[in-house]
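Let chain A serve as the given structure and place chain B on it in line with the hints.
Listed below, chain by chain, are the residues.
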Amino acid sequence: MRDDDIRDAFATGGGPAGAGAQDAPPTLSFGARWTYDPAPESEAVAPIDSRYGLFVDGEFVDPRSGRYLQTIEPGTGEVLSEVAHADAVDVDRAVAAARRALPGWSALPGEHRARYLYRLARRLQERAREFAVLETRDGGKPIRESRDVDVPLAAQHFFYHAGWADKLDLAFGAHGHEPVGVVGQVIPWNFPLLMAAWKLAPALACGNTVVLKPAETSPLTALRLCEVLVEAGLPPGVVNVVTGDGSTGAALVEHPGVDKIAFTGSTEVGKAIQAKLAGTGKALTLELGGKAAHVVFEDAAIDQAVEGVVRGIFFNQGHVCCAGSRLLLQESIADDFLVRLQRRAARIRVGDPMDKNTDLGAIHSPEQLARIERLVAQGVADGGTLWQSPCALPERGTFFRPSIFTDVGQSDAVVRQEIFGPVLTVQTFRTPEEAVAKANNTTYGLSAGIWTDKGARILWMAARLRAGVVWNNTFNRFDPAAPFGGFRESGFGREGGRQGLAAYVRRPGGLVQG
Amino acid sequence: MSEERPTVEKTYKLFLGGKFPRTESGRSYVPAGAPGVHVCRASRKDLRDAVVAGRKAGADWAGRTGYNRGQILFRLAEMLEARKDALLREILAGAPGVDADEAWADVEAAVDLTAWYAGIPDKLGALLGSQNDVAGPFFAFSTVEPQGVVGVIAPDTPFLTDLLALLLPPLAGGNAVIGLVSERSPLVGLALGEACATSDVPGGAIQLLSGLRDELLPEFASHRDLDGLLVAGDPDAAVGRAAAGSVKRVRFAPAWSGPAPRRLDWIEAFVETKTFWHPVAP
Numbered sequence: 209m210r211d212d213d214i215r216d217a218f219a220t221g222g223g224p225a226g227a228g229a230q231d232a233p234p235t236l237s238f239g240a241r242w243t244y245d246p247a248p249e250s251e252a253v254a255p256i257d258s259r260y261g262l263f264v265d266g267e268f269v270d271p272r273s274g275r276y277l278q279t280i281e282p283g284t285g286e287v288l289s290e291v292a293h294a295d296a297v298d299v300d301r302a303v304a305a306a307r308r309a310l311p312g313w314s315a316l317p318g319e320h321r322a323r324y325l326y327r328l329a330r331r332l333q334e335r336a337r338e339f340a341v342l343e344t345r346d347g348g349k350p351i352r353e354s355r356d357v358d359v360p361l362a363a364q365h366f367f368y369h370a371g372w373a374d375k376l377d378l379a380f381g382a383h384g385h386e387p388v389g390v391v392g393q394v395i396p397w398n399f400p401l402l403m404a405a406w407k408l409a410p411a412l413a414c415g416n417t418v419v420l421k422p423a424e425t426s427p428l429t430a431l432r433l434c435e436v437l438v439e440a441g442l443p444p445g446v447v448n449v450v451t452g453d454g455s456t457g458a459a460l461v462e463h464p465g466v467d468k469i470a471f472t473g474s475t476e477v478g479k480a481i482q483a484k485l486a487g488t489g490k491a492l493t494l495e496l497g498g499k500a501a502h503v504v505f506e507d508a509a510i511d512q513a514v515e516g517v518v519r520g521i522f523f524n525q526g527h528v529c530c531a532g533s534r535l536l537l538q539e540s541i542a543d544d545f546l547v548r549l550q551r552r553a554a555r556i557r558v559g560d561p562m563d564k565n566t567d568l569g570a571i572h573s574p575e576q577l578a579r580i581e582r583l584v585a586q587g588v589a590d591g592g593t594l595w596q597s598p599c600a601l602p603e604r605g606t607f608f609r610p611s612i613f614t615d616v617g618q619s620d621a622v623v624r625q626e627i628f629g630p631v632l633t634v635q636t637f638r639t640p641e642e643a644v645a646k647a648n649n650t651t652y653g654l655s656a657g658i659w660t661d662k663g664a665r666i667l668w669m670a671a672r673l674r675a676g677v678v679w680n681n682t683f684n685r686f687d688p689a690a691p692f693g694g695f696r697e698s699g700f701g702r703e704g705g706r707q708g709l710a711a712y713v714r715r716p717g718g719l720v721q722g
Numbered sequence: 489m490s491e492e493r494p495t496v497e498k499t500y501k502l503f504l505g506g507k508f509p510r511t512e513s514g515r516s517y518v519p520a521g522a523p524g525v526h527v528c529r530a531s532r533k534d535l536r537d538a539v540v541a542g543r544k545a546g547a548d549w550a551g552r553t554g555y556n557r558g559q560i561l562f563r564l565a566e567m568l569e570a571r572k573d574a575l576l577r578e579i580l581a582g583a584p585g586v587d588a589d590e591a592w593a594d595v596e597a598a599v600d601l602t603a604w605y606a607g608i609p610d611k612l613g614a615l616l617g618s619q620n621d622v623a624g625p626f627f628a629f630s631t632v633e634p635q636g637v638v639g640v641i642a643p644d645t646p647f648l649t650d651l652l653a654l655l656l657p658p659l660a661g662g663n664a665v666i667g668l669v670s671e672r673s674p675l676v677g678l679a680l681g682e683a684c685a686t687s688d689v690p691g692g693a694i695q696l697l698s699g700l701r702d703e704l705l706p707e708f709a710s711h712r713d714l715d716g717l718l719v720a721g722d723p724d725a726a727v728g729r730a731a732a733g734s735v736k737r738v739r740f741a742p743a744w745s746g747p748a749p750r751r752l753d754w755i756e757a758f759v760e761t762k763t764f765w766h767p768v769a770p
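Keeping their order, the protein sequence lines are chains A and B. Heads up: take any position in the first sequence, counting from 1, add 208, and you land on my numbering. Heads up: take any position in the second sequence, counting from 1, add 488, and you land on my numbering.
No lab work stands behind these hints, which were simulated from the structure alone. Keep in mind the model is a prediction, meaning the values are calculated, not measured. From the three backbone atoms N, C-alpha and C, an ideal C-beta is built for every residue, glycine too. Incorrect hints may appear among the rest.
The calculated DSBU-like cross-link candidates involving lysine-lysine, where the alpha carbons are at most 35 angstroms apart (straight line), are [as the list claims (entries may be wrong)]:
id: 1; chain 1: B; residue 1: Lys533; chain 2: B; residue 2: Lys498
id: 2; chain 1: A; residue 1: Lys646; chain 2: B; residue 2: Lys611
id: 3; chain 1: B; residue 1: Lys507; chain 2: B; residue 2: Lys572
id: 4; chain 1: A; residue 1: Lys484; chain 2: B; residue 2: Lys572
id: 5; chain 1: B; residue 1: Lys611; chain 2: B; residue 2: Lys498
id: 6; chain 1: B; residue 1: Lys533; chain 2: A; residue 2: Lys375
id: 7; chain 1: B; residue 1: Lys611; chain 2: A; residue 2: Lys662
id: 8; chain 1: A; residue 1: Lys479; chain 2: B; residue 2: Lys572
id: 9; chain 1: A; residue 1: Lys646; chain 2: B; residue 2: Lys533
id: 10; chain 1: B; residue 1: Lys533; chain 2: A; residue 2: Lys479
id: 11; chain 1: A; residue 1: Lys479; chain 2: B; residue 2: Lys611
id: 12; chain 1: A; residue 1: Lys375; chain 2: A; residue 2: Lys479
id: 13; chain 1: B; residue 1: Lys572; chain 2: B; residue 2: Lys498
id: 14; chain 1: B; residue 1: Lys544; chain 2: B; residue 2: Lys572
id: 15; chain 1: A; residue 1: Lys484; chain 2: A; residue 2: Lys375
id: 16; chain 1: B; residue 1: Lys533; chain 2: B; residue 2: Lys572
id: 17; chain 1: A; residue 1: Lys484; chain 2: B; residue 2: Lys533
id: 18; chain 1: B; residue 1: Lys507; chain 2: B; residue 2: Lys533
id: 19; chain 1: B; residue 1: Lys572; chain 2: B; residue 2: Lys501
id: 20; chain 1: A; residue 1: Lys479; chain 2: A; residue 2: Lys646
id: 21; chain 1: B; residue 1: Lys507; chain 2: A; residue 2: Lys646
id: 22; chain 1: A; residue 1: Lys646; chain 2: B; residue 2: Lys544
id: 23; chain 1: B; residue 1: Lys501; chain 2: B; residue 2: Lys533
id: 24; chain 1: B; residue 1: Lys533; chain 2: B; residue 2: Lys544
id: 25; chain 1: B; residue 1: Lys544; chain 2: A; residue 2: Lys662
Some chain B residues well away from chain A (every beta-carbon gap over 12 angstroms; in silico) [as the list claims (entries may be wrong)]:
id: 26; residue: Ser490
id: 27; residue: Thr495
id: 28; residue: Gly505
Below, a sample of chain B positions facing chain A; criterion: calculated Cβ distance under 10 angstroms [stated by the list, open to error]:
id: 29; residue: Ser618
id: 30; residue: Val622
id: 31; residue: Ala628
id: 32; residue: Asp724
Just chain A, same shape as in the assembly (with noise of 0.2 angstroms):
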């Protein structure tokens, strides 16, 4: 190391322009001399077909529309493959081979049902660089994310769900417990294989059969995962999958051979899919729209604070249903904490998702661009002052830069809609009581962030959240044990624990749906 360079590292000063602190905290630069070399993730590993078809009765077929839609690596902004868009025949085809596997399937033992779930979490940790490439490829997120965070996520979902299957009665021995029957799914396209996950395993561990719709523009996991189905031998028609556009979740949701819906997506079509269900007594689990705040207090471990808030909104380039989009700072440190935060999001790596070095990668779709730039122009359209990294962004494929607002209030766009993209917004508070009510003052009811010391402050502030999700000091986990879902306008239902699995079986005498 050179002398310079000594230097560079240890010099001070403060924050990135505008943060304007008088007492900026020290920074460390280590100048331009150590930059990271390309580490890009080998795409040979996971080969994509030039065309998929659906899978139904356990095997590959050909739609009966005879139609296809185009899937984009949003890294690149190149087709990869194209898949088939299923019409209401092919729908009706998928339902009626889950409702002939359905008898076999729900009176095989719990102890066989698990074994199946068990092989699926063995070959999908087997799989697992293969899954994840294609994940990175097919959605966007950095390969770090797929391979950490994604895929070893989604086989522990089978084999946490794989043990429950033969202890139903120990889960529901009060009222008893029966299989729902053929279980419509539909899924979104941030977390593909992991939504798939979440929705398979405990639907299959309690006897039901499944037909599943993954998202139009990242659909190549689900269907690779049917290749996994089929090496484990699970008996044909247990799993179908559809994919299409949203013509074909609604001709899924509307079938009448289907007794329940499961879907994960935004409150707008949860809520349409609430209202098309009315009076049918179908079941339904709706894991919605959030708007997460993140609540920092002025004793907060404030270094780990910040890596919290980043990993809150930056995580999955902020397609994160449960994102802490809303930091409500103490004001006290507002400013202080400001300056270390934009320093931090300025030294995200923005950029290739196969880069093993990637931070935040593509944003998913040339549509989802669009909404956040429109919601982004509406911020500063309001008033609110809009910080973004001064990073580099790849001249092809979607990116968009790490963005902060601050001067904003409760009622602008950028504070009450979700955006669903990498763009935080900063408010202050004095007191617990005005955090609570600034945390609320939402329709949405997911999630929710603690930052600060005082452990009985963190339970005060938790039983106050109305969200199904709090994180303390610590932001965006997730764990196949660990109930996840909402309050309000964020959904109603669980995924995870033994709360989740209640969501897959009738109990005898229960109420109904409406």
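Chain B alone, transformed into the frame defined by chain A:
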């Protein structure tokens, strides 16, 4: 010849916010089961007032310890036991065809049911919560919390147990409840308010309306600040559609036979699971 003593007649009123007002609309109707009586025909405005009061009282009710809520529900059982004769008369006055033995059995069952649910509130965490064995250095657990304010549309029967069977699960779960009593036979349901008023139930945690089901049910379904709705009967498309606008938690309770259900899963339908994570570190 001495004149027979004219009795003091009872006016049947709503039970709102811990008080007994008439409907703000000034309207009344004559129930089919009690042709000699005029009861309040509650309006949309009465429901809205009830939701405001329920929101306030619900915070109080939910904020109490489970032990305290359990004692209050048990106190309600005590008050019902002490009023069995009066409740019997209300059932018979509201539904002339009902057999007195059957009515008496119903009143006793109502007391028993209330006492059963009184044991619930301080066990919700044990029954519905969990410690979550997550794969990492975190302490993670899940609690249950009430949804807030829940509307209850009672079965249109003469019996008190049928009303309580639907009121008690969300109430034991910590919610404020707003009940619409039987349209044909509302008298015993309205008399329940008198027992509540002497049971230390916070004013507004239990509220009771009488009125026309067809008029009020759509208002319950579409009210955006009502968190949940429990309706006696089979699923109703209009109710479900109106409720979807606020992602309201809606459940229907089909008619049951035999004793009133005592169900943990009926409570579970009106609570929210909250999962808590905290790192474990030296």
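Legend entry - Interface hint status, B/Ala628 versus chain A (Cβ within 10 angstroms): Hint holds; B/Ala628 Cβ to chain A Cβ min 5 angstroms, cut 10 angstroms.
Legend entry - 35 angstroms limit on alpha-carbon distance, applied to hinted pair A/Lys646 and B/Lys611: Answer holds: A/Lys646 to B/Lys611 is near 31 angstroms, not above 35 angstroms.
Legend entry - Evaluation of the interface hint that places B/Asp724 against chain A, nearest CB under 10 angstroms: Hint holds; B/Asp724 Cβ to chain A Cβ min 6 angstroms, cut 10 angstroms.
Inset, instruction - Decide if the proposed pair is consistent with the structure: B/Lys533 and A/Lys479, CA atoms, cutoff 35 angstroms inclusive. - result: Answer holds: B/Lys533 to A/Lys479 is near 26 angstroms, not above 35 angstroms.
Inset, instruction - Verify the proposed pairing of A/Lys484 with B/Lys572, using a straight-line Cα cut of 35 angstroms. - result: Violated. A/Lys484 to B/Lys572 sits at ~45 angstroms, over the 35 angstroms cutoff.
Legend entry - B/Lys572 paired with B/Lys501 [C-alpha distance capped at 35 angstroms]: Roughly 20 angstroms between the alpha carbons, so the hint for B/Lys572 and B/Lys501 holds.
Legend entry - 35 angstroms limit on alpha-carbon distance, applied to hinted pair A/Lys479 and B/Lys611: 33 angstroms, holds
Inset, instruction - Starting from B/Lys507, check that the Cα of B/Lys572 is at most 35 angstroms away, please. - result: Status holds; Cα separation ~22 angstroms.
Legend entry - Given hint B/Lys544 paired with B/Lys533 - CA-CA distance at most 35 angstroms: Holds, at about 17 angstroms.
Inset, instruction - Measure nothing beyond the straight line between the CA atoms of A/Lys484 and B/Lys533; if it is 35 angstroms or shorter, mark the hint as holding. - result: Since the Cα atoms of A/Lys484 and B/Lys533 sit roughly 29 angstroms apart, the hinted pair holds (cutoff 35 angstroms).
Inset, instruction - Assess, step by step, whether the Cα of B/Lys507 is no farther than 35 angstroms from the Cα of B/Lys533, and give holds or violated. - result: 16 angstroms, holds
Legend entry - Given hint A/Lys646 paired with A/Lys479 - CA-CA distance at most 35 angstroms: Status holds; Cα separation ~25 angstroms.
Hint compliance for this structure: hints 4, 5, 6 and 8 are broken, all remaining hints hold.
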